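K.L.:
Residue-level listing of the chains:
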Amino acid sequence: MMSRIQQVTWGAALSPDSELTRLRNGDVQAVGPLMDRYQHRLYRYLLRMVWQQATAEDLFQQTWIRVIEKIGAYDPNRNFESWLFAVARNLALDHLRRYQPESLDEPLPSGDSRAQLIAGSGPGALEQLLTHERAGWLIEALAELPAVFREVLTLRFEEEMKIEEIAVVLAVPLGTVKTRLHRALKHLRNRIEEKMETRN
Amino acid sequence: MDEHASIHDLLTLAAAGALDAADQRRVEQHLRECADCRAEFHAWGRLTGALEALPTPQAPSGLVERTRRLLDRQAAVQIEHRRSRMPLVWLTLLAWAGTLLTWPLFQLLGGFLEVSPLSSSQVWIAYLLVSWMTSMVIAGLLAQRHRQERTL
Chain A
95 MMSRIQQVTW
105 GAALSPDSEL
115 TRLRNGDVQA
125 VGPLMDRYQH
135 RLYRYLLRMV
145 WQQATAEDLF
155 QQTWIRVIEK
165 IGAYDPNRNF
175 ESWLFAVARN
185 LALDHLRRYQ
195 PESLDEPLPS
205 GDSRAQLIAG
215 SGPGALEQLL
225 THERAGWLIE
235 ALAELPAVFR
245 EVLTLRFEEE
255 MKIEEIAVVL
265 AVPLGTVKTR
275 LHRALKHLRN
285 RIEEKMETRN
Chain B
1140 MDEHASIHDL
1150 LTLAAAGALD
1160 AADQRRVEQH
1170 LRECADCRAE
1180 FHAWGRLTGA
1190 LEALPTPQAP
1200 SGLVERTRRL
1210 LDRQAAVQIE
1220 HRRSRMPLVW
1230 LTLLAWAGTL
1240 LTWPLFQLLG
1250 GFLEVSPLSS
1260 SQVWIAYLLV
1270 SWMTSMVIAG
1280 LLAQRHRQER
1290 TL
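Chains A and B, in that order, give the protein sequences. According to my numbering, the first sequence is numbered sequentially starting from 95. According to my numbering, the second sequence is numbered sequentially starting from 1140.
Calculated from the model, a selection of chain B residues having no Cβ within reach of chain A, i.e. all distances over 10 Å:
| no. | residue |
| --- | --- |
| 1 | A1174 |
| 2 | A1234 |
| 3 | T1241 |
| 4 | G1249 |
| 5 | E1253 |
| 6 | P1256 |
| 7 | I1277 |
Reference excerpt, derived from the structure (chain A facing chain B, CB under 8 Å, subset only):
| no. | residue |
| --- | --- |
| 8 | G126 |
| 9 | D130 |
| 10 | H134 |
| 11 | R138 |
| 12 | L141 |
| 13 | W158 |
| 14 | L247 |
| 15 | F251 |
| 16 | L275 |
| 17 | L279 |
To be clear, the hints were calculated from the coordinates, so they are not data collected in a lab. Since the model is a prediction, treat every value here as computed from it, not as a measurement. Cβ coordinates follow ideal geometry from the N, Cα and C atoms, glycine included.
Assemble the whole structure, with the sequences as input and the hints as a guide.
P.N.:
Put into structure tokens, the structure is as follows:
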């Protein structure tokens, strides 16, 4: 007898709800259209987390394996996107814990004072940077941030998630998301201005 | 903390669009009156704007296809695993049922050895318990080994 899996072809154009229903009913091929839809966003998020292309690709594959394994635990009333990114995040954090544990260290709040000093020095250097070599320097500075800051910045500004959605992905209260976002921006600006000072 | 300092701290979140409506109104009101904060807010706005405008890395071509093939392989392995597991389950059930059928044998042996029916029942129950528990321990060990193999 031909199995249900063999009867369905990859990439069938269906609504997300129907894909999720099929997936929850054990039809693993329903993951195809979901992968097509989220491939760039998910890959970009993982790349920003681990900063290595090969690792991001590996984590991308592991994420979809995990989605199939854990789809039974997914609550259909929840936003699938937040759940998907949370699955990817957990895998990325496992990887970072194993291979780059130092990248998970969140700088102490005392770091803020220096950032505040630099931030208070005015927008001139920052403006200069953003005008001239914006993307390259910004990406470089972003790469130097701890993963906890990188992820909140990428979710907010690249994935354009709302604060509430980010809180679901990170499994933290709304206030924590805001604090991390605030500190991440300050650290990023601090790094950029340090680079400018070194360059000048 | 005075209003200026308090608003100054909110400028990052205001530029990130992460404030609630009440705080957003407070910030906007203050920005109309304070040139320093206005300049600072614009600086944060340029940074968040630059983050929004970052070049977006695309998933490499072929990544989705490779993932599909991987998932296909995994699904095939799971189906094969389920298929190979079924005969083992039936064999185990058969073996357990087989031990139940040894009751007449124990009665016969008890008669030969002139053991009381109560004693032969006790020996038979002990035999059942030992054989079933042994098979459960073996099944547990096999499952553990299988899990380890899957992890590898």
